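So the protein lines, in turn, are chains Y and P.
Residues in the first sequence are numbered from 1 upward in steps of one, following the working numbering.
Residues in the second sequence are numbered from 1 upward in steps of one, following the working numbering.
A hint or two may mislead.
[Stated by the list, open to error] Each pair of labels, with its calculated beta carbon distance range: (1) Y:Gln132 / P:Gln33: 11 to 21 Å; (2) P:Gln36 / Y:Gln132: 14 to 24 Å; (3) Y:Glu123 / P:Gly98: 43 to 53 Å; (4) Y:Leu106 / P:Gly213: 28 to 38 Å.
Hint data in this document are derived by calculation from the structure and do not stem from the laboratory.
Keep in mind it's a predicted model, so treat the numbers as computed, not measured.
Where a beta carbon is used, it is the ideal one built from N, C-alpha and C, also for glycine.
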Amino acid sequence: MIELQNITKSFDGIEILKGISMTFEAGKTNLIIGQSGSGKTVLLKCLLGLHQPNGGDMLFNNQALVEMDDDQRRILRREMGMVFQGSALFDSMTVLENVMFPMQMLTNQSEAIMRKAAEEVIERVNLVDAQQKLPAELSGGMQKRVAIARAVVMKPKYLFCDEPNSGLDPKTAIVIDNLIREITQENNITTVINSHDMNSVMEIGDSILFLKNGVKAWEGSKELIFKTDNEAINDFVYSSNLMKKVKEVYQ
Amino acid sequence: MKLLHHIGAYFLMLRLVFIKPTKAKVMRKLIFQDIQDLIIGSLGIVAFLSFFVGGVVSIQTALNIESPLIPKNLVGFATRQSVILEFAPTFMCIILAGKVGSYITSSIGTMRVTEQIDALEVMGINSVNYLVFPKIISMLLLPFVINISMFLGILGGYTATLYGGFSNSADFIEGIQMDFKPFHVTYAFVKTLIFAVVLATIPSYHGYFMKGGALEVGKAATVAFVWTSIVIIVLNYIVTQLLLA
Chain Y
1 MIELQNITKS FDGIEILKGI SMTFEAGKTN LIIGQSGSGK TVLLKCLLGL HQPNGGDMLF
61 NNQALVEMDD DQRRILRREM GMVFQGSALF DSMTVLENVM FPMQMLTNQS EAIMRKAAEE
121 VIERVNLVDA QQKLPAELSG GMQKRVAIAR AVVMKPKYLF CDEPNSGLDP KTAIVIDNLI
181 REITQENNIT TVINSHDMNS VMEIGDSILF LKNGVKAWEG SKELIFKTDN EAINDFVYSS
241 NLMKKVKEVY Q
Chain P
1 MKLLHHIGAY FLMLRLVFIK PTKAKVMRKL IFQDIQDLII GSLGIVAFLS FFVGGVVSIQ
61 TALNIESPLI PKNLVGFATR QSVILEFAPT FMCIILAGKV GSYITSSIGT MRVTEQIDAL
121 EVMGINSVNY LVFPKIISML LLPFVINISM FLGILGGYTA TLYGGFSNSA DFIEGIQMDF
181 KPFHVTYAFV KTLIFAVVLA TIPSYHGYFM KGGALEVGKA ATVAFVWTSI VIIVLNYIVT
241 QLLLA
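Bound conformation, chain P alone (with noise of 0.2 Å):
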């Protein structure tokens, strides 16, 4: 029963979402704000894992490889379709729900806890729409995140299979462009934009209606770190099986 009515307050939060706006002037700067904070503020640690952990996954397909008969251009196709169908898309929005998602709710929690989304609604305002109507906004451009983190994945296989010498350059690229469907690209983005909304908004709920002091701002980030990551989990198996079954 206590899970129904937080699915019934969070879809009812999200309509609040987006009726009163707040004005156009004020909301372009919130937007600019968050997309500083959210997805700027976010690169470097993308950038970084995307690259080891994309080395990491052709060293371990270059491993097993061990029959003369498997081509070595496997390396670089296992790579690529490891990185672009999962590993960019799912796990790095796991790890920005780590991210991302604490800071949004330990943000918005810490609003409530010192009374200034009080303070927004004696003013009359939409405090839901002022607090994460940006947010989503300024998610949406996740897949460009997304998009750096499969070029710096394949990267970083390239480069440690080169300098590894599992594999010669000319095999990783073969690797790479062999058997390549777009759509793949296409599906991987679709499942980020939806989990963009995902990363969004259920960290904003878990802060915006949180209740206690500092210390219930902290679980409330851990609550919704959880939560997010079994939504994006759930959905990701929703969506590719929807569209690549």
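One chain only, chain Y, in its complex shape (with noise of 0.2 Å):
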């Protein structure tokens, strides 16, 4: 469980993240959505620690983010894995490198324990054919595969994800979004997504925190985002045509 309180962060003086606090759960995949410039990406690297918050407090697992020293985040950093964006996996490294690389960097364990591990998480993701290849000579699809194995084969206890679907077509972004489900569900992970494709929302959404301007706008769960009356998230969700027919259609 990671617990956001009243996280500010600012650039230039110019306050990006206006006291956040929120709750994620595990084994639920929790949802980051809002538009471009809200403050998505920077409350997910805060949370990643590749930026630090001017002020309030992140907890996980009860312990608290500022009173680690630098061995301690460095533990935690191990239990974190990330999908990102643009997969960012090594270039010059197989699919199989790919996924034993955190392995090969962090632990000291034997190569036939780590490729056996590695390939055992490339089966989950269905890869197998695969793991020869070089990630350039793979679709989207198979490198977003790639990503959450290499971010799950440490077995994390926390799983992020940044706009898993870019790029992706709508049926190879509901094959993603359910792997990151099953992942979730299967081995109790707290998985955090910035996402703003509404279709991963309906999908995948246990938990919702929609950000506006750096504000939490709105929180709730799929179940709940048709019924709010917030005028904020139903502003952001029904900008489409498609999303302001499945409204008329659900009432």
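Make one complex out of these two single chains by using the hints.
The structure is reproduced here in structure tokens:
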């Protein structure tokens, strides 16, 4: 579980996050949604430790990040997996090498054990036939699956995904969404997904945090999103004709 | 002020290179890969340029000797001095700033653009050590490349002199042995080692801290080449003043 307590973050005097509080529960897919520039990525980078918040605290399983020393933070980092928007696979490494990489860097396991663990995860994401291929030889959806495999190979407690569906067709996007949700539930991971894709919201939005201009404008679940009368979230959700039609049918 | 900011950030990056090291087994692999890419991969261009520039130096020297009082062994002497003191260590490093430097900037810059560096950081890996340290270590083999450059430069001069009919073999060989000071070779290697660190770190800095997309990677590589060349030229002056003056 991750608990955000009044997180603030500014860049060059401009306040990007204005006191965000939220609880992301384990075993659930927690979505951060909002328009571009709403502060989603900054919040995710704060969670990852790539940005230092100016105020507030983040509790990882009740352990406050601000009270952690460098060693504790390093250990916490090893409990995190991240799926980047562009997959961020290492170009010169094969799929297998990419998935084995975190273990090679951070553990002292034998090559055979690491290979076995990597192969298991690659099988879980249905990429057995592609394990000797380079990232450039894979489709966008396959690259995302490799990124998920790499992120979960160390059995993280926390999984972060930045726009995991960007650039994917709707069908592949659903495959990726469901894969993330299944892995989250199988391993009881606290998963936080940054998205502005309404299909994802409706597919896997167990818990949703909606940001607008750096402020928490709404929180709820996919079931509640059609029932709320919150103007900000309605404005965001029903911005497309498709969602307007969905609302009409729903009502 | 911007320049001071960059200088400060550069030295802070250098500090990060040597803390929280990557596992030795992984680092060894990275170093061998960088030796292949940066050192072995440069041998061809270095050999080609050295041979022909050495030839040009000897031809120009021979053509400028008009007085019959000047001994013909001066061609060999001038070729040796030019190649050992300046051409091989300094100008070859500037050429390598273009080849090796732009490779380093663009490879690290591409990793920045495609979030691969963020991925390393999220895994708890010191990305500066992982990326820059193996490049510094592999570039410390640069004196071997410069040694080959010296040999081929003089060989090129010898070949051009002989086949151009500017002097004979005995005179040229007498020239390259005349008044030889081993310290000149030491001086060349000392400055090569300094330039090697510059060649590894300035392009790394420009790649690591670049912002933007693919176009900015190209711009960063150009800026890195300009600054690497400037720093090499300035350091060349300082080292020459300190060691030879």
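Here is what the structure says about each hint:
A beta carbon spacing of about 19 Å between Y:Gln132 and P:Gln33 agrees with the range 11 to 21 Å that was offered as a hint. Judged by the Cβ atoms, the range 14 to 24 Å given for P:Gln36 and Y:Gln132 holds: they are separated by roughly 21 Å. For the pair Y:Glu123 and P:Gly98, the supplied restraint of 43 to 53 Å holds, since their beta-carbon distance comes to about 46 Å. Separation of Y:Leu106 from P:Gly213 is about 30 Å and conforms to the stated range, judged on CB atoms against 28 to 38 Å.
In summary, the structure agrees with every hint in the numbered list given earlier.
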